[in-house]
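Add 10 to a position in the sequence shown, counting from 1, and you land on the number used in the working numbering.
Hints are computed from structural coordinates only; laboratory data are not their basis. Here the structure is a predicted model, which means the values were calculated and not measured. Please note that a few of the clues may not be correct.
[Said to hold, decoys possible] No farther apart than 20 Å at their CA atoms in a straight line, the calculated lysine to any residue pairs in the SDA-like style are these: (1) K512 to Q540; (2) K512 to R491; (3) K512 to Q488; (4) K64 to S169; (5) K196 to G172; (6) K64 to V94; (7) K64 to T46; (8) K64 to V99.
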Amino acid sequence: MTVRLTRLPRFALAARLVVLVALLISAAPLLAQDWTYRVRPGDTIWDLSARYLKPSIAWEQLQSHNGIADPYRLPPGSQLRFPVAWLQVQPAPARVLAVRGPVQSQADGQPRRDVIEGDLLRIGQELVTGEDASVTVVFADDSRLQLRERSRLRFDQLSRYGHTGMVDTRLRLEQGRASNRVTPAKGPASRYIIDAPTATSSVRGTVFRVSAGQDGRGAATEVLEGRVQVGNRRGQRLVSRGQATRSPSLDTRPAGLEALLPAPMMATQPQRLATLPAAVAWQPVSDAAGYRVEVVRADQPEVLLFGRDTAATTLTLPDLPPGELRLLVRAVSAAQVEGLDARQDFLVRDQPVPPLTVRPLHGQTLNSARPRFEWTRVAEAERTVLQIARDPQFLTLLLEQDTRATHLRPILDLAPGDYVWRVASVDRNGDRGRFGHPLPLTITDEPVDPALQPPEAAQGQLTLRWQAGEPGQRYRVQLDRRGDFSAPLLDRELDQPEVSIKRPWRGTLHVRVQYIDDDGYAGPFSPAQQIALPCRTCYATGGSALLLWLLL
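Build the full structure now, drawing on both the sequences and the hints.
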């Protein structure tokens, strides 16, 4: 999805330039400061000058600046002062760490292109995220930024001061939201600045979120760790942990500090999240107009795997990649300021792999209240777990049953209707892997039709045949005169789908057939069918006769 932006009026652009100029002027004292280096054994002033100074700065200037009498003797442990303005400065492209959904980049005058993991982003490029998309970027000092859905970000400055560890990162958030985890500054020239339409946030090591503002609301800065300086041409605010400030416009100073809404209290246990999809729930937060639900990687919380805004206090998490994951839930105020996070870490396992299903087939209709489920054997698995539900997300389980075999029959009867089922493997340590894809299944109470063939009467025998079942199944056939089968004339179990009656009868017979699985489970009898028997002499002549069938 392409995000369209309305061009800002010229006076707004000019106002933003004023803010940036003010920031640069305020940074001028930093450039006049010194970066300090502790001398190590074997260091020489010539090597250090070549490593850290611009080519135009001679080593003698460094000697003079530090008052070194003998350049051949640098005592280990002593400190050398390097003026920041003398330090080498090189470009330091940002790297794309993770991408979710449609994300594009664009350089000045170039067409947009899709962003993939590992891409390098340079000064002047822009990132644009689509609907339900996000991208995580890592900078030269390992600071990280997560750009959320429907957002636009421009890289105004990406540079580093040689090998000092100091970086200069300046970004422009023109639309949407960004979360930031900034590495603590390693020297006086380290900077991390985000310019939003109505305010600028400047930090030297913290965790915070920035909103560009939308629907008439100004930018907002929310601080989770450390402190952030937020300001524009009308004034400044120092925002500390657990606080936020909103900036309605460039013509007003950022608003007074407000406390972030508290973290919601979770109502879902972490172990319930191990099997996805899963429903999560939390207690309502006073003054919350909505909630933000996210799932991130526990070891890299800037990598967003799932994100959704909701007005409810429940949400269903979809299937997600395996690994150590972290659920984040936070309240959102009416002014769209996001609060503190409730956190739950949970593990989604990838091993052992789920078995391959054998039967029932995808979408199959069965007339058994307790159908037999089968799957292949997994070498690493000691047991297999079967789940049956009505909903494809398995939020309400009807049955969970496990076995050491490769087949299983539910312990409960399934009423007629539509179901989904899936299986997962359990290893010898009791750890359950991911479930396989859910398969739809329909249970019907319509009776089995054995497809009885026309009976054959020959040589004093009456032979009945019917449709063969699945491999391993046996058959039970009953014959009865009255049709209630309370005292059948014949009640026999057979290995083959046919029976021959040696003694001929006259009149009408009722026939029904039952299929029996190899584990002994017997399905329902088929509807009874009538056979009008011919005269006795028909059997003796040896000819076959076509008998009258009446289906009850």
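Verification of the supplied hints:
1. K512 to Q540: holds (19 Å)
2. K512 to R491: Given pair K512, R491 holds - Cα atoms ~16 Å apart, limit 20 Å.
3. K512 to Q488: holds (15 Å)
4. K64 to S169: holds (14 Å)
5. K196 to G172: holds (13 Å)
6. K64 to V94: holds (10 Å)
7. K64 to T46: holds (16 Å)
8. K64 to V99: Distance of about 8 Å is within 20 Å: holds.
Violated hints for the displayed structure: none, as all numbered hints are satisfied.
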